[in-house]
Amino acid sequence: MWLAALFTVVFLMTPLVVTVAVSLGSSSVFTLPPPDWSLRWYERLADTRGLVPSLVTSLQVAAFSTAVALALGTLCAIALVRGRFPGRDGIATFLVSPLMLPGLVVGIAMLQGFKAIGLREAYLSLLVAHVVITLPYVVRTVLGALSLFDFSLIDAARTLGCSYPAALVRVLVPALGPAFLTSGMFAFLASMDNYPISIFFTDAWTKTLPIQMLQYVEENPDPTIAAISAGLVLLAILVLIVGDRLVGLRRLADF
Amino acid sequence: MSARLAPSPAASPWRDPVALLAAPAVLYLLALYALPLLWLLAKSFVGPAGPTLGPYVDFFSDPFNWRVVGNTLSVAAWVTVVCLAVGYPASFALARAGAALQIAMLVAIILPLSIGVVVKAFAWQIVLRRDGVVSQLLMAIGVWDEPQRLLFTETGLVLGAANVFLPFMILPIYSVVKLIDPRLDEAGATLGATPVYRFLRVTLPLTLPGVVSGVAFVFSMSVSMYVIPSLLIGDRFQTLSTLTGRSFLFMRNEQLGSTTAVVLLALAVSVVVGSGWIARRLGSST
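Sequence order for the protein chains is A and B. Numbering-wise (the numbering used here), the first sequence opens with residue 1 and increments by one. Numbering-wise (the numbering used here), the second sequence opens with residue 1 and increments by one.
Among the clues, some could well be false.
[Unchecked claim] Here are some chain A residues pointing at chain B (derived, C-beta under 10 Å): (1) ARG84; (2) PHE85; (3) ALA129; (4) VAL139; (5) LEU181; (6) MET192; (7) VAL233; (8) ALA236; (9) ALA253; (10) ASP254.
For the record, the hints were derived by calculation from the structure and aren't laboratory data. Note that the Cβ used here is the ideal one computed from N, Cα and C, for glycine as well.
If we strip away everything but chain B, and leave its shape as in the complex, we get:
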C-alpha cells in the first residue's frame, strides 16, 4: 500500500496515471480559451500581405490612443492608491477587531462581493449625482459651497471603482496580517524601537506579500474594467477596455478592436508576471 502512496521516483513522470485526471480541464481550457487567445494574438500581426506590425504602428502613432493608454493607467493607478490607503489599515482592523466589529467588517466585505457589478455601478450613478449622497455630505461638512456632480468625472470613476475593488485589496492583506504575532511589535518596543522603525522594519516587510498580491489584483482589474467606466463616465473618457468594447460592439472595427485588445492583454499579462516575479523575490529573501 505504501508503494501506491509514494510512487517510486524511477517511474517515468509522463506515465503517472493520476496526471490523466487533469486532462479534461486542461484540454477544455486549451481548446476553448488558450487557442482562441493565441489566434487573436497571431492574427493581429498578420495583414492582408503577410506578417506586419502596421496596426501597432498606426495605433501608437495616433496621439488619441496614447491618451487612451494614459487614461487607463492613471485611473488604475488612482484606484489602486485609494484601495491601498483604505485597505491596508482596514485589514489590520479586521485582523485585530473584537468579534462584533469583525463580523460587521466581514459582512461589509463579502456581501458586496456577491452582488453584481452592474448593480453597484448603477447605485454609484445615484450616489454621485448633483443631488446625491456624496454631494450632500461634502456640503454638510463644508467642503463644498454648492452641490456638484461627480458622475461622469474621473474622480467619480475612481471612487466607484475603488468601492468595487476594495475587498480584493483587503482580503489578501488580511490573510497575511492575521498570521503576524502581535507580540512581535511589543518585542520591538521592548528593545527600544520607535513606532515608525517598528512599522518599517517589522510589520511592513511581513505584510509585503499580501500588499503585492492585493495591488496586483486591484490594478489588473482596474485596467480591465468595462462596466464601471461605461456607466460612471461614458464615452467622453475612453480606456483601452471601453475602446476595445466599442470597436467590436458598436463601430464594428475589428482591426482597431484586435489591436487594442492585444495591447490590453499585454498590459494585464505584464502586471501578472511582474507581481509574480516580485512575490517570488520576496519569498526567497525571507
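Here chain A stands alone, though its shape is the one from the complex:
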C-alpha cells in the first residue's frame, strides 16, 4: 500500500518535473539531466509566432464559458434540488453527459450542427461550444453542494428580517461558495485544456493554446514548448495554492 503511494506520487509528478527540467536546460535535444542550465527557451517565448494570441483566446473563451456555465448550471441545480417535477434524475444525467462522451464525436456533431444553423464564425463557435464543456462540471459540483444545503436556513433568515433576495445573497451564496470555486476552477481548466472539441472550431486566425501547442510539437519540437508548459505548470500550482487557501485541498479532491 505504501509502495503504491510512493509510486503514485513519483509517477504522477514525472511529466511535470521533466517538463520543467527540460525547459531550464540549455540543450535543444531534451537530454536529461540537462548539461547546463539556461533561460534561453523562455527568452524565445515572446518571439514565438501565434503563442500570445492563442493564449489570449484560450483565457477569454475559458473565462466567458465558465461564467455562463456557472449562471446556467446553478439555476438548473436549484431547479433539480428544489423542484417537484418528473425526470429530474434523467435531466441531471443529461447535463453531465458531455463529460462522458468522446469529445471528438461531440465536436464533429456540433460542427455540423453549427453549420446547419449558419454559425460559421470561429471565435463565437468556440465560445458557444465551450459552454457545453464547462456546464457539466458546474452542474455536478453545485448539485452535490445544494443537496446538502438546508433550505430552511433561508426561511430562518427571512424570519429574522431579511428580504428574500438578501436571504439568498447572505445565506445561500456563502454556503455554495466552495462549490462555485471548485467547479469554476475545474470548468476553467477543462476549457483551457480542451483539444478534441476546439479543433473543429479553429481557423488560421483563431486558435486556442492546446491547438497551437500541439501544432508546435508536431512541426518543430524544441524546449520552447517545454517553457510554455512550465509556465502552465506554474499557473496550475498558483491556482492550487489559492484553491487550498480558500476551500482546502481535501475538498478539491471530493469527487
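Using the hints provided, position chain B relative to the given structure of chain A.
Showing chain B alone in chain A's frame:
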C-alpha cells in the same frame, strides 16, 4: 411559509414554477449538443437512396477496421488494468496516510489534473525516448541491457495514458474508502477471519461502487482519447478516435468519419449505461 417549502403533492408536477429555472441550461444543451448528436446518428443511417446500413456493413467487413476496434479496446483495457492495480492500493494509502504523506499525495493527484493533456503527452514523449528517464531507469536496475525506445510503442502509449487517467481511478475509490470504518477490519480479525477472507468479504464489497465508477471513468476516457495516441504512438497504430479525427481533419472522408464516430459513441454510451446498471445493482443489493 411552510406551504411554500413543501409544495402540496396535489399540485400538477408540470406546473411547478421552480422547474423553469432548469430550462435555460436544458434548452441550451438540447439545441447545441443533443440535437447535433442525434442528427449525426440519424445521418449515418441515411444513404443517397434512403435508409441504409451500408456504411456499417462496409465498415465491419473490412478487417482493418476490426483491428482498429481491437486496438481501441485492448489499449483501453490495459490502461484500466494498470490504473486499477496502482490506484486501488494508492487510494487506501491516501485515506489512511498521515498528514504529510496525504498532502503530498493530494498535490500529486490534483496538480496534474490541472495541467493540460498536451503538456503531459509532450512530457511523455521525452520520458519514453531511447535516452529517456524510463530507459535509463530500467537499465540502471538491470531489466534492460541496452537503451530502448518506448515512444511509438503500445507499452509507451499505455504508460502515458495510465499516467494521465490515474487520478480518475484514485479519486472515486478514495471517496468510498475514506467512509469505511477501519475497525470493521479489526472486528473481522477478532472473529478469526483470515486477511484474504476479510478483504474478499468485507473490504472489497464496500469499495466496489468506487471501483466501478473509477473503471468506468478510465475505460471510457481511454476509449475516447485522441491527443495522447496522436503524440505517443502516431499514425501507425489507429484507434477509433484517431481514425475519426483523421477522416474529418486530414482525409476529408466524412462518410468514414461519421461511421467511426457513431461506433465510438455507441461504445462510450454502453460503458456509461453498463456501469450505471452495475452501480444500481450494487446499491440495491447492500
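How the hints compare with the structure:
1. ARG84: Where the cut-off is 10 Å and the nearest Cβ of chain B is about 5 Å from ARG84 of chain A, the hint holds.
2. PHE85: Where the cut-off is 10 Å and the nearest Cβ of chain B is about 4 Å from PHE85 of chain A, the hint holds.
3. ALA129: Hint on ALA129 of chain A: holds, closest Cβ of chain B at ~8 Å, below 10 Å.
4. VAL139: holds (7 Å)
5. LEU181: violated (13 Å)
6. MET192: holds (7 Å)
7. VAL233: Result: holds, 6 Å to nearest chain B Cβ.
8. ALA236: At 4 Å from the nearest chain B Cβ, ALA236 of chain A passes the 10 Å test, so the hint holds.
9. ALA253: Holds. Min distance 6 Å.
10. ASP254: holds (7 Å)
In terms of the numbered hints stated before, the structure departs from hint 5 and from no other.
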